[in-house]
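Student: So you can see what is in the structure, the chains are spelled out below.
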Amino acid sequence: MVKWTELERSTVKAIWEKIDIDEIGSQIWARVLIVYPWTERYFGSFGDLFTITAILKNDKVAAHGRMVLKALDKAVNNMDNMKRTYADLSRLHFQKLEVDPDSFRLLADCITITIACKLKSALSPQSQAIWQKFISAVVDAMSSQYC
Amino acid sequence: MVEWSENERSIISNIFSNLDYNDVGPKALVRCLVVYPWTQRYFSSFGNLYNAEAISTNPKVAAHGIKVLHGLDRALKNMDNIKATYAELSVLHSEKLHVDPDNFKLLSDCLTIVVAGKLGSAFTPEVQATFQKFLAVVVSALGKQYH
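Protein chains in written order, with this note's numbering: chain Z, 95 to 241; chain B, 21 to 167.
To be clear, the hints were calculated from the coordinates, so they are not data collected in a lab. Just so you know, not all the hints are guaranteed correct.
To be verified - Pairwise CB distance ranges (calculated): (1) B:Y70 x Z:M95: 26 to 36 Å; (2) Z:E117 x B:K97: 35 to 45 Å; (3) B:V111 x Z:A165: 43 to 53 Å; (4) B:D93 x Z:M161: 34 to 44 Å; (5) B:H90 x Z:Y240: 41 to 51 Å; (6) Z:C241 x B:H167: 31 to 41 Å; (7) B:N27 x Z:C241: 39 to 49 Å.
What the hints assert, rightly or not - To give an idea of the chain B side of the interface with chain Z (calculated C-beta under 10 Å), a few residues: (8) L53; (9) V55; (10) Y56; (11) D129; (12) V134; (13) G137; (14) A142; (15) F143.
Just so it is clear, the structure is predicted and the values come from calculations on it, not from any experiment. All residues carry an ideal CB built from backbone N, CA and C; glycine is no exception.
Start from the sequences, fold in the hints, and give me the full structure.
Tutor: Following this line, the structure appears as structure tokens:
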């Protein structure tokens, strides 16, 4: 189980409070699909992902981003129990969606970059370190049911 | 050889021409030393690196950050020949400085976060993809002479 200090808990919560899920959610997936285009393979049902403009305007991409951030909210509120919190989701991504678990790391990087764009210098080096520890724990939990 | 479109060349050129090297260079290296603390092992001659505050105010860290960022100017001016441009620096980091080449990616990730923080919403997914492509080529070139 990952150990969290009081400072780490409060830093993660403080960052999360500044995130508007509706605003940020649409951006994170756009970044993943544009920066790592092979991830488009998972979204055959999303319609037009053929150009950057199409991806940026695609409503399903935006909605999916919001959905992922709402799921991240669970981690923020269950920092001591992430593996159990994400066990079902992990199994779903492994058995049904057949998602390469490396993709979780790519998404985590894009979430961090989106937050950096929003918070700018408020994402200090120490805050970045703590946020990255948190998001790595989420990635681990999402990969935990893969075998 | 890596191919660059005109659009990619101008995105990279714009990022660097609007960059304050004296600000971004130190910030990127500080972040690396704070977020990935094992990288401090390469800077034992830099004096006090005991905590984030000390690292952020350390003049040797700042100076080195500026030097490293200016090192990227070489890639900027030789985008069609980045591998050859960094051959000597790669040999230096491998044979003399004994730097684990994994660390080049860590520093490039920190630089990406600093630039994202500076540009905010101007660090669009397309700009991010191009900047990451550029840094990935630099990182690969720096690791090329290792054996």
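Student: Quick check: which numbered hints come out false for this structure?
Tutor: No hint contradicted; all consistent.
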